[in-house]
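**Student:** As a plain string of letters, each chain reads:
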Amino acid sequence: MAELEAGTTRRARPLSPHLQIYKPMLTMMMSIVHRITGAELYFGALLLAWWLIAAATGPNAYASFEWFMSTLIGRVILFGYTWALMHHMLGGIRHLIWDTLHGLDPAKRELLTLSTLIGSIALTLLLWLIGYLANGGPQ
Amino acid sequence: MREPLHMRTPMRRVRGLGAAHSGTVQFWHQRLTSVAGIPLTIGLVLIVIALLGRSHAAAVQILGSPLIAIALLLFIINSAYHMWIGMQEIILDYVHGEKWKLVSLMANTFYVVIVTFAAVYAILKLSFGV
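Just so you know, the protein sequences line up as chains A and B, in that order. Remember, the working numbering sits 8 above the position in the first sequence when you count from 1. Remember, the working numbering sits 146 above the position in the second sequence when you count from 1.
Because the hints were derived from the structure by calculation, they are not lab data. Be a bit skeptical, because a hint or two may be false.
[Stated by the list, open to error] With the C-beta cut set under 7 Å, the calculated list includes, among others, these residues of chain A facing chain B: (1) Pro-25; (2) Ala-64; (3) Met-97.
Just so we're clear, the structure is a prediction, and the values are computed from it rather than from any experiment. Positions of the beta carbon are idealized from the N, C-alpha and C atoms, including for glycine.
The following block holds chain A by itself, in its conformation from the complex (with noise of 0.2 Å):
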């Protein structure tokens, strides 16, 4: 008993493919990206984490925040955090919807898949646009 047990850990298990060997699909590359967007936001939780310790500090703090935001590189971030946020809830919604087995078939996975890459993206874009208004627009 000793002997099979140990004879049956030691012996190398035969393994799954892994991803290389896959063409690229788009419900693939998409999990990848719901994954990825969902690290971003989690480290991106600093940013959100910042911004009310800086509103909750005074208007210095505050002021240093809008500053930061105001660079180029600040931009890049908040709109990063956005369209992470946007597409890792539409993939959420997707990956829902999937949980109650709908929407599982060849044509309606991709179709689902590619709304919420369409819908991330022109969310984002209205957002930002409705940012830019709000911030006085064209001047």
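Here the structure of chain A is known, so what remains is to put chain B in place on it, guided by the hints.
**Tutor:** Frame of chain A; chain B shown alone:
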């Protein structure tokens, strides 16, 4: 060979528990927090839009008003749990060594707790503070 403590095989003891050794409860909680996250995210976006271009004094007044503060607190706590589970899932997928797995899982918890407490404290100060 160790004496078996009971009749269950090692396979039976671990089956269904996964890499986190705690079953599927986090799978369910991840769905629960994702559903809650949809309206809360929309709320956050609306709050941020409402604050654009406003002075610090106006921003403080809005952030500290009860409904806004409650919406933000719910977003932060819900997101914290959601991202804690999510990062744990990523760590369990990619970090295989027991030592680094343990270190990463601890770092994940510390990070989430610190960021969450900081954000929650800020909102409470905006609501009740001087």
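**Student:** Does each hint fit the structure? Answer for all of them.
**Tutor:** Structure-based check of each hint:
At about 17 Å, the closest approach between the beta carbon of Pro-25(A) and any beta carbon in chain B exceeds 7 Å, and the interface hint on this residue is violated. The restraint placing Ala-64(A) at the interface with chain B holds, with a minimum CB-CB distance near 4 Å, inside the 7 Å limit. Here the hint on Met-97(A) is kept, as its CB sits about 5 Å from the closest CB of chain B, short of 7 Å.
The structure does not agree with numbered hint 1 stated previously, though it agrees with all others.
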